[in-house]
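Chain by chain, the residues:
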Amino acid sequence: EAGVAQSPRYKIIEKRQSVAFWCNPISGHATLYWYQQILGQGPKLLIQFQNNGVVDDSQLPKDRFSAERLKGVDSTLKIQPAKLEDSAVYLCASSFQGGNNEQFFGPGTRLTVL
Amino acid sequence: AQSVTQLGSHVSVSEGALVLLRCNYSSSVPPYLFWYVQYPNQGLQLLLKYTSAATLVKGINGFEAEFKKSETSFHLTKPSAHMSDAAEYFCAVRNYGGSQGNLIFGKGTKLSVKP
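One line per chain: the protein sequences are P and Z, in this order.
Plus 408 on top of the position in the first sequence (first one is 1) and you've got this note's numbering.
Plus 1142 on top of the position in the second sequence (first one is 1) and you've got this note's numbering.
There's no promise every hint is true.
[To be verified] Here are the simulated DSBU-like pairs of lysine-lysine, each with C-alpha atoms no more than 30 Å apart in a straight line:
id, chain 1, residue 1, chain 2, residue 2
1, P, K452, P, K470
2, P, K470, Z, K1249
3, P, K452, P, K479
4, P, K479, P, K419
5, P, K419, Z, K1252
6, P, K419, Z, K1210
7, Z, K1211, P, K452
8, P, K491, P, K470
9, Z, K1252, P, K479
10, P, K491, Z, K1252
11, P, K423, Z, K1191
12, P, K452, Z, K1252
13, P, K423, Z, K1249
14, Z, K1200, P, K452
15, P, K486, Z, K1200
16, P, K486, Z, K1249
17, Z, K1249, Z, K1191
18, Z, K1249, P, K491
None of these hints come from the bench; they were simulated from the model.
Here chain Z stands alone, though its shape is the one from the complex (with noise of 0.2 Å):
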């Protein structure tokens, strides 16, 4: 069975600091992973997406995450952050024990960007 783990529920950055949010998956094999985004009463945006191709995948908004496998980590990064990256930010991975397609998600991170 395939989980994620979002280490981190909340995350607060100053404007143009760096952005780091946690990402641990659990999986049995090779995993597809992915972030999403959440802008209040909205729904999901996929950000990036990891498919076994290179490690480190570039994704909308200058975010970026690197799968390392001997750490089992799917960390989400942005060098400067914005005002406008304020939102909640959901791991996911795909789900191959039930159907095609099927996302497993994390409990989400809320970041917070203050000026």
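Chain P with its partners taken away, still in its complex shape (with noise of 0.2 Å):
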């Protein structure tokens, strides 16, 4: 069974500029989460969409990030304009119906805003 994937893995960009990125969940999963980790910091929730409906978006900067999960199955997360403070791993999760359904994460997008 594929796991979760992500693209880009690394992206550069300075600050003020656009970037987005892509999660394709596994299979038959209707949850999907996007998580920010921080270096040296656990990762922290940025949206949960049930299908492609957004379920918790509470912690995510609406200013500057958006995310779409269209016919509920791939997601993007992009943030225009990016900001110092936005440079962190961007994770990917997925699991079957949320709840205490097991999460299963992707390898990550590092981004690094100059």
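Two chains, two frames, a set of hints: combine them into the complex.
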């Protein structure tokens, strides 16, 4: 069974530029999560989807971050414009139905904002 | 609200020695607790989880954790460290205040294993 796929793996941009990350969850997983992991900290949830609907985006900085999950499968996370403090690893995870189902994580996208 | 605190950002042990990584939780409801491992440049992998069944939970790679309600702890142990155990370990608690399945992570403990 293929795992959670993410691309790109690494991205370097200058502040005020825009960037987009892509995630392909495990087939059949209804719930998809985006986490932000800043160096030296644990992952923090940005947004959670159930199928193609948003369940929780309370910690998403909506003035610059946006995310979508069209057709309830792939998802993209966008930052526009990026700030220095957005430098982090962005992790995508998926689970069968949320709740206590195990979350499977992708390898992450390491973003550096200069 | 739920939270977890991991004591010690960096732990170093010798190969063959006991591994003990500490995690304390705060929760107003019975918690569901998790330990994840992260190898360099990889995503997180579930080691084990506590979901209110047995208090001693066995996971992969010889790790286990014991849920102690009186101490609000969920420490991770392994009797004998192996070089391949060198990684970062995260304790997490299920967030009941937010969406279903949302996890709240600690800051992580980096484990080094000396030959």
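- Of all the hints given earlier, name the ones this structure violates by number, lowest first. The structure conflicts with hints 6, 9, 11 and 15, although it agrees with all the remaining ones.
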